[in-house]
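Student: Residue-level listing of the chains:
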Amino acid sequence: MERHSRALFRLAYRMTENAQDAEDVVQESFLRAYRQLDRFDERASFGTWIYRIATNCSLDLVRVRKRRNQAPVAPDQPGDTVPELPSLDPSPERIALSGEVRQRLAAAMSQLSETERAAFVLRHYEGLRLEEIGHVLECQPGAAKHSVFRAVQKLRRSLEPIVSPVR
Amino acid sequence: MNHLNEEQLVLYYYGEEGVAPDAAEHLETCGACREAFAALERVLRTADGFSVPQPAEDFGAQVWERVAPRLAGRRVVTMAPVWRWAAAAAVLLAALLAGRFYPAPQPARTAVAADPQAGERLLRMAVGDYLDRSQMVLAEVANANPRQPFDISFEQERAADLVAESRLYRQTALRTGDATVAGLLDDVDRVMLEITHSPARLTPLELEKMRERWDSDGILFKIRVLGANVRAQQAAAASASGNTRKS
Chain A
252 MERHSRALFR LAYRMTENAQ DAEDVVQESF LRAYRQLDRF DERASFGTWI
302 YRIATNCSLD LVRVRKRRNQ APVAPDQPGD TVPELPSLDP SPERIALSGE
352 VRQRLAAAMS QLSETERAAF VLRHYEGLRL EEIGHVLECQ PGAAKHSVFR
402 AVQKLRRSLE PIVSPVR
Chain B
150 MNHLNEEQLV LYYYGEEGVA PDAAEHLETC GACREAFAAL ERVLRTADGF
200 SVPQPAEDFG AQVWERVAPR LAGRRVVTMA PVWRWAAAAA VLLAALLAGR
250 FYPAPQPART AVAADPQAGE RLLRMAVGDY LDRSQMVLAE VANANPRQPF
300 DISFEQERAA DLVAESRLYR QTALRTGDAT VAGLLDDVDR VMLEITHSPA
350 RLTPLELEKM RERWDSDGIL FKIRVLGANV RAQQAAAASA SGNTRKS
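For the record, the sequence lines run as chains A and B.
Start counting the first sequence at 252; every next residue gets the next number (my numbering).
Start counting the second sequence at 150; every next residue gets the next number (my numbering).
Read the hints as simulated data drawn from the structure, not as lab findings.
Don't take each hint at face value.
To be verified - Computed list of chain B residues with no C-beta within reach of chain A, every gap over 12 angstroms:
(1) P298
(2) F299
(3) S302
(4) Q383
(5) A386
Unchecked claim - Under the rule of at most 25 angstroms between Cα atoms (straight-line distance), these lysine to any residue pairs were calculated in the SDA-like manner:
(6) K405(A) x Q157(B)
(7) K405(A) x G164(B)
(8) K405(A) x Y162(B)
(9) K358(B) x T299(A)
(10) K317(A) x V201(B)
(11) K358(B) x R303(A)
(12) K358(B) x E383(A)
(13) K405(A) x A185(B)
(14) K405(A) x Q391(A)
(15) K358(B) x R254(A)
(16) K405(A) x L310(A)
(17) K317(A) x R303(A)
(18) K358(B) x R257(A)
(19) K405(A) x G198(B)
(20) K358(B) x A210(B)
(21) K405(A) x G350(A)
(22) K358(B) x E377(A)
(23) K317(A) x E389(A)
(24) K405(A) x S200(B)
(25) K405(A) x E165(B)
(26) K405(A) x A181(B)
In this text, a Cβ means the ideal position worked out from N, Cα and C, and glycines have one as well.
Turn these sequences into a full structure, and let the hints guide you.
Tutor: Printed below as a string of structure tokens:
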């Protein structure tokens, strides 16, 4: 449970961008898992199943927030979402860019559709295979691939101008 | 070979299938593709910086503490209605009492027959205790140092006892029509058998594989859920019995 809880927290945080929301999602996920335990298919992986539940909980929360037109409840510590620039070139110029990169990354992530964001988080941060992402998002692997690809394209459009090497 | 398109580059970056088998070779020789891949890498490595605050060391335990009270009263992994368990409890308890748990089965059997509710209470206690001990065995193995070989001979003895014990509970669950509970007890049994039949000294790799299987089955979660259910029913029964005595 310790391992699942931490993994779910990471997933939920990256979906909601708020630690308190992420904790709520983890709790709600276990409650939903409990309520739906009868429906757990023994052939499936428990991890994938609970990821699916947590993804849905996160999406529910994000949708509710959207309907109410709310930003994340309280922005977390500035350090929490600071992307560390690739360590290859920690020049002063690049360090100075970090604030901008952080904002761009946050903005780019917020431009992703719910499915794209979920698929990208599961692939990029949680390391799930496309097939597993298909199970979590209840879609075909091809659709999961498309969502990841679309997410990467959008991120590239936003981030490439500021992370490209200066010529 | 043709140049790799954007989708293939993304798939290659993530090590997914569906990329041309000679993609790596092509990237080594094709400057344009190598440049495109480097640009992709820069973006995705920047995205790596979306860090997450570390939850507390005992985050899982904290979550469970908050979740467990809310499980009470939600009867989804239901145990059968009281009257069905009570009837089966009398049979089960007689069997338990005839075994190694209590030295004097005969008078108790009479008591159970006379008071099926007492039998049901004892059954719940026995199942609750069984689940607690199962959880302890699993926790011992799951929390062992993953870098060292681990001697599980002590856990094997306890697991063997639990296997012998669980048959009665499973039979009772099946008799009362609780397929879900019987299924969960089956899962626990399977894991206990796995422990019993493993080598007494597990290598780090064997330990890791075992843990991965348990994670994949969600076995600890299921045990906790069923345990929480049993305890909730115990509490409800104790409260109901207190109310009856008062009136």
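Student: With a cut-off of 25 angstroms on the C-alpha distance, tell me whether K317(A) and E389(A) pass.
Tutor: 23 angstroms, holds
Student: Within 25 angstroms, alpha carbon to alpha carbon, are K405(A) and G198(B)?
Tutor: 17 angstroms, holds
Student: Assess, step by step, whether the Cα of K317(A) is no farther than 25 angstroms from the Cα of V201(B), and give holds or violated.
Tutor: The hint holds at about 22 angstroms.
Student: Going straight from one Cα to the other, do K405(A) and Y162(B) come out at no more than 25 angstroms?
Tutor: 16 angstroms, holds
Student: Taking 25 angstroms as the top limit, are the C-alpha atoms of K405(A) and L310(A) close enough?
Tutor: 20 angstroms, holds
Student: Taking the shortest Cβ-to-Cβ distance between S302(B) and chain A, state whether it exceeds 12 angstroms.
Tutor: Nearest chain A Cβ is 25 angstroms from S302(B), so the label holds.
Student: Please verify that the nearest CB of chain A lies beyond 12 angstroms from A386(B)'s CB.
Tutor: It holds; A386(B) is separated from chain A by about 20 angstroms at its closest Cβ, greater than 12 angstroms.
Student: Does A185(B) sit within 25 angstroms of K405(A), going by the straight-line distance between their CA atoms?
Tutor: Measuring from Cα to Cα gives roughly 16 angstroms; hence the hint holds.
Student: Check the hint pairing K317(A) with R303(A) against an upper bound of 25 angstroms on the C-alpha distance.
Tutor: 21 angstroms, holds
Student: Given the hinted pair K405(A) and A181(B), is their Cα-Cα distance within 25 angstroms?
Tutor: The hint holds at about 21 angstroms.
Student: Given the hint that K358(B) pairs with R303(A), test it: the Cα-Cα distance must not exceed 25 angstroms.
Tutor: Between K358(B) and R303(A) the Cα gap is close to 23 angstroms, so the pair holds against 25 angstroms.
Student: Quickly compare the C-alpha distance for K405(A) and G350(A) to 25 angstroms and report which way the hint goes.
Tutor: Status holds; Cα separation ~20 angstroms.
Hint compliance for this structure: no hint is broken.
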